[in-house]
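Asker: Residues per chain, in single letters:
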Amino acid sequence: MKRAFSILLLSLPLAGCQGWQSALDAQGPSAQALAEMFWIFVAVLGIVWVLTMTALLLALRRRRPADADPLSTDPGTERRMTITVSVAVALTLVTVIALTGLSYAAQKVLFSHKDGALTLLVTGQQWWWKITYENEQPNLVFTTANEIHIPVGKPVLIKLESADVIHSFWVPNLTGKMDAIPGRQNQLQIQADRPGIYRAQCAEFCGLQHAHMGMLVVAEPKEDFERWRNHQVSSAIPPNDPERQRGMEVFLSKPCIMCHQVRGTDAGGKVAPDLTHVGSRRYIGAGTLETTRGNIAAWIIDPHGIKPGVNMPTIQLEPDEVQPLASYLEGLK
Amino acid sequence: MTKAITPHELDAVPEVTRLATGERGGVSGARSEADYSPDPKELRDDQVDGPELTARLAKTWGTQKGLIGALSTVDHKVIGRRYIITALFFLFLGGLSAVAMRLQLARPESSLIGPDLYNQLFTMHGTTMMFLFGVPIGEAFAVYLVPLMVGTRNIAFPRLNAFSYYVYLFGGLMIWLAFMLNIGPDVGWFAYVPLSGPEFSPGKRADIWAQMITFTEVAGISVAISVIVTVFKLRAPGMTLDRIPLFVWAELINSFVIIFAMPAVVTASALLLMDRLVGTHIFNPAEGGDALLYQHLFWFFGHPEVYIIFLPATGWVSAIVVTFARRQAFGYIALVLSLIATGFLSFGLWVHHMFTTGLPQLGASFFTASSMLIAIPNGIQIFCWIATLWDGRPVFRTPLLFVIGFFFIFVAGGLSGIMLASVPLDAQVHDTFFVVAHFHYVLIGGNVFPLIGAIYYWFPKFTGRMMNERLGKWHFGLAFIGFNVAFFPMHITGLMGMPRRVYTYLPEMGWGNLNMISTIGAAVFFGSFLLFLYNIVTSARRGPLAGPNPWNAGTLEWASASPPMPQNFDRIPIVTNREPLWAHRDSLPVAAGLSVENREQIVSTVTAGRADLRESTPEPSIWPFLSAVAITILFVGSMFTPWALVWGTPPLALALIGWFWPKAGTEDER
Numbered sequence: 001m002k003r004a005f006s007i008l009l010l011s012l013p014l015a016g017c018q019g020w021q022s023a024l025d026a027q028g029p030s031a032q033a034l035a036e037m038f039w040i041f042v043a044v045l046g047i048v049w050v051l052t053m054t055a056l057l058l059a060l061r062r063r064r065p066a067d068a069d070p071l072s073t074d075p076g077t078e079r080r081m082t083i084t085v086s087v088a089v090a091l092t093l094v095t096v097i098a099l100t101g102l103s104y105a106a107q108k109v110l111f112s113h114k115d116g117a118l119t120l121l122v123t124g125q126q127w128w129w130k131i132t133y134e135n136e137q138p139n140l141v142f143t144t145a146n147e148i149h150i151p152v153g154k155p156v157l158i159k160l161e162s163a164d165v166i167h168s169f170w171v172p173n174l175t176g177k178m179d180a181i182p183g184r185q186n187q188l189q190i191q192a193d194r195p196g197i198y199r200a201q202c203a204e205f206c207g208l209q210h211a212h213m214g215m216l217v218v219a220e221p222k223e224d225f226e227r228w229r230n231h232q233v234s235s236a237i238p239p240n241d242p243e244r245q246r247g248m249e250v251f252l253s254k255p256c257i258m259c260h261q262v263r264g265t266d267a268g269g270k271v272a273p274d275l276t277h278v279g280s281r282r283y284i285g286a287g288t289l290e291t292t293r294g295n296i297a298a299w300i301i302d303p304h305g306i307k308p309g310v311n312m313p314t315i316q317l318e319p320d321e322v323q324p325l326a327s328y329l330e331g332l333k
Numbered sequence: 001m002t003k004a005i006t007p008h009e010l011d012a013v014p015e016v017t018r019l020a021t022g023e024r025g026g027v028s029g030a031r032s033e034a035d036y037s038p039d040p041k042e043l044r045d046d047q048v049d050g051p052e053l054t055a056r057l058a059k060t061w062g063t064q065k066g067l068i069g070a071l072s073t074v075d076h077k078v079i080g081r082r083y084i085i086t087a088l089f090f091l092f093l094g095g096l097s098a099v100a101m102r103l104q105l106a107r108p109e110s111s112l113i114g115p116d117l118y119n120q121l122f123t124m125h126g127t128t129m130m131f132l133f134g135v136p137i138g139e140a141f142a143v144y145l146v147p148l149m150v151g152t153r154n155i156a157f158p159r160l161n162a163f164s165y166y167v168y169l170f171g172g173l174m175i176w177l178a179f180m181l182n183i184g185p186d187v188g189w190f191a192y193v194p195l196s197g198p199e200f201s202p203g204k205r206a207d208i209w210a211q212m213i214t215f216t217e218v219a220g221i222s223v224a225i226s227v228i229v230t231v232f233k234l235r236a237p238g239m240t241l242d243r244i245p246l247f248v249w250a251e252l253i254n255s256f257v258i259i260f261a262m263p264a265v266v267t268a269s270a271l272l273l274m275d276r277l278v279g280t281h282i283f284n285p286a287e288g289g290d291a292l293l294y295q296h297l298f299w300f301f302g303h304p305e306v307y308i309i310f311l312p313a314t315g316w317v318s319a320i321v322v323t324f325a326r327r328q329a330f331g332y333i334a335l336v337l338s339l340i341a342t343g344f345l346s347f348g349l350w351v352h353h354m355f356t357t358g359l360p361q362l363g364a365s366f367f368t369a370s371s372m373l374i375a376i377p378n379g380i381q382i383f384c385w386i387a388t389l390w391d392g393r394p395v396f397r398t399p400l401l402f403v404i405g406f407f408f409i410f411v412a413g414g415l416s417g418i419m420l421a422s423v424p425l426d427a428q429v430h431d432t433f434f435v436v437a438h439f440h441y442v443l444i445g446g447n448v449f450p451l452i453g454a455i456y457y458w459f460p461k462f463t464g465r466m467m468n469e470r471l472g473k474w475h476f477g478l479a480f481i482g483f484n485v486a487f488f489p490m491h492i493t494g495l496m497g498m499p500r501r502v503y504t505y506l507p508e509m510g511w512g513n514l515n516m517i518s519t520i521g522a523a524v525f526f527g528s529f530l531l532f533l534y535n536i537v538t539s540a541r542r543g544p545l546a547g548p549n550p551w552n553a554g555t556l557e558w559a560s561a562s563p564p565m566p567q568n569f570d571r572i573p574i575v576t577n578r579e580p581l582w583a584h585r586d587s588l589p590v591a592a593g594l595s596v597e598n599r600e601q602i603v604s605t606v607t608a609g610r611a612d613l614r615e616s617t618p619e620p621s622i623w624p625f626l627s628a629v630a631i632t633i634l635f636v637g638s639m640f641t642p643w644a645l646v647w648g649t650p651p652l653a654l655a656l657i658g659w660f661w662p663k664a665g666t667e668d669e670r
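So the sequence lines, in the order shown, correspond to chains S and Y.
The opening residue of the first sequence carries number 1 in our numbering; numbering runs sequentially from there.
The opening residue of the second sequence carries number 1 in our numbering; numbering runs sequentially from there.
One should not assume that every hint holds.
Claimed, not checked - Some, not all, of what chain S presents toward chain Y, calculated at C-beta under 10 Å:
no., residue
1, Asp69
2, Ala88
3, Thr100
4, Pro182
5, Leu188
6, Pro238
7, Pro242
Unchecked claim - These stretches of chain Y come out as covered by chain S in the derived footprint (C-beta under 8 Å, 3 or more residues):
no., segment
8, 324-336
9, 383-389
Keep in mind that the hints were calculated from the coordinates and are not lab data.
If you're wondering where the values come from, they're calculated on a predicted model, not measured in any experiment.
No residue lacks a Cβ here, since even glycine has one placed at the ideal position from N, Cα and C.
Model the full structure from these sequences, guided by the hints.
Answerer: This is the structure:
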């Protein structure tokens, strides 16, 4: 009864495991190896569970007469049970040794880093991700936030740091997680085998808005990636229509610039996400809202209604300032 | 019917044949090394008999009426009962907070509970379940049952035991009161730095969590010491090491684990408090401190903690399996050695909570091996229990049903634990709902199901009345189904990428349906507890009378009345078998010669369980309660000012002086 129920429960959602943030929908070599290992473990341990429960259910038959002395034991039965239990323990030992070996082999493969990788410095902050693309050529170094682009089929080395508390970087479709710990730097290598958009989310409780600390990993062909990178390196293009020009004036005259940077303008704040190309990113608020003009306006008017406790203060704006400001930011493609 | 024996015969224990011929009367004392003669004027238990003996002993050992009497009591059964009820009360509060969280998570983007309250809720849930329920419930059963099961009249250090209860109660009330005042801790039951440090958690919330740890620490270690000494030195004559009931073994090992594990967490929380209150920088990386040091300290306690919760449950399972299989335990030695191995191994696993912190890979893989190795002692236990049932004649009463539920759930949880032991697999599922599912399978399966079985099993002993069997079976059905519907889907939710400790999630994540199923299951599971509560309350009032041994069990607690008299036993039994009541169905051999007018106990030798000394055990006293009050003032005050350590000490010192003031006891007069 219970097992049938479990199978029902299992089959129900497994169809839906094709997720953009799912460990079972592997899109990279590392996640693939992990998923395969997971199913091996499930199969082996599932068999162990079924065998043990079968033994238990068989054990529940009444084998003693009602008037038997509970202290009496039959030497033959005792011996047979001793042998059976010993064999079961030996099998358990063999199983765990085998699984330990399997785990260790996978560990060696998964955590060996390939050379020649693209290198990113990802800094976890309450509650967003700062991303710096490193490069030997200084003109190809740039900073962005909450959206990583990577070339398909290439290893990417992620250096993980934290600016405040412990966070954890996790893109389940690509590989397992790694913590970002203040005072330390951890490293993690990811690789995507197919183009796609994979979601990442902070996996270590980091305070009030731990739930809204998402990020996208966009895997795209090499040419697309390079086009994207060359665009990201550039400064923001000044707006040319009056509404967006007005929006830029609002942006530069308000406290926005204390925290945010828009390269090519006077806004040079570094404590909040770089907005130079915010309009090109798919989400705002670290994976909280899709980037639309309306959502940007809603976010500016009431960030604490959408993401209570977020470090962005509520800025006093005149009603006629909101729309131009949202247009300006949305236009920062 | 009882039989008394002479001191010479005591030396011969355990020789059943000679005891069986022992004659009543003519006994001069339960001592084997007579270094003084008992006071001839003092009434001894071989001089009176029957109801008069019972009444006189009850008067000597009883708890006085009135508030002062209630607060002064040192009776392990009274304290144990309070401990159990308080721990169950906290279980209920922890369950309520879980239900609130499940309601919030039932739908994506639900606005029922905001992040601030949600963070407090899961912190309270974890803290309550681990520190205010999980550890104390095992100790609570030890306080009530261990003295009965080893055949003595009170726990060792009964005042320390009373003191520990009040400290535990005050600590638990403090944190829940803080929660009611909206200053409940919100940094998780693990309170990782730097999030819980002074920079990111201003205010008093994290202090309250850290100080609550201190309360639990003091209480937990006090009980553990009492239990160890009770098991080592107060066993009934003849209870050699291999006649100690498995439940008592489990509690003994558990007490050792508590004593060695808890100092690590109190170090962590004390250092955290110092960082927060007096400006040290032990965990501040900017000043050369280390955030990971905290995690090592915490988990060096935190993993043994899991076994602190599980080990008493193995004792409950052993007791229930043996009684309801109607067969003595198969593989007693193997079971005891497994317990000891579990106790040792539990200290070598802590790093598997830290696999994603970037530790050296070889070191991490060592902990994979050690974590998987724990499957061996646990496997031995499971197989031995199944073998016992196999060769027995199972009686399907509610306690056994819950133990069968335990097997199904705990084994599943143990097996998913093997996945978490693997460094690479853990990298995927760590800190996701998969882990939430895993440890609820282990902890609810491994502790709560056996606990409920244990309550159905020992309820007649505690109250003198049976619980309702029909409601019990309904309760089991609801709990088993509700639990699995709530927690099984979480394995999948976690694999689909849902992290733990999130107060909400986006609709497009696709976790909504699974979370809704979990919430429905949680509601059913919670409902089963309401039924349980109803069964407890009605059965305690109107349940059929139980008699001393309703289950026809074999261990000594069933030789006492239900509920037991203050003295537990009119005469101390002599143990000749692991299951004394099965070996001596009609009459239990007893030792006589203890004082009726004073609180005298037999102190026995550690291994052979040979009666060694008569020792007076402390009278009731109000001082343990006052000491607990004084230490509470000190602990709470020190959250607000370091000067509390100065002005808080004299009252505590006074209370302790009162407690230990030399008394002209009867022993000293001789």
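Asker: Mind checking the CB of Asp69/S against every CB in chain Y and telling me if the closest is under 10 Å?
Answerer: Holds. Min distance 7 Å.
Asker: With a cut-off of 8 Å between beta carbons, are at least three residues of the segment 324-336 of chain Y near chain S?
Answerer: holds (count 6)
Asker: Take the shortest C-beta to C-beta distance between Pro238/S and chain Y; is it under 10 Å?
Answerer: 34 Å, violated
Asker: Mind checking the CB of Ala88/S against every CB in chain Y and telling me if the closest is under 10 Å?
Answerer: 5 Å, holds
Asker: At least three residues with a C-beta closer than 8 Å to a C-beta of chain S: is that true for the segment 383-389 of chain Y?
Answerer: Result for this restraint: holds, n = 5.
Asker: Holds or violated: is there a CB of chain Y closer than 10 Å to the CB of Thr100/S?
Answerer: Holds: closest Cβ of chain Y sits about 5 Å from Thr100/S, inside 10 Å.
Asker: Does the CB of Leu188/S sit less than 10 Å away from some CB of chain Y?
Answerer: 9 Å, holds
Asker: Can Pro242/S be said to touch chain Y, with a Cβ gap under 10 Å?
Answerer: Interface hint status for Pro242/S: violated (36 Å vs cutoff 10 Å).
Asker: Using 10 Å as the Cβ threshold, decide whether Pro182/S counts as touching chain Y.
Answerer: Constraint on Pro182/S satisfied, holds at 5 Å.
Checked against the numbered hints given earlier, the structure breaks hints 6, 7 and satisfies all the rest.
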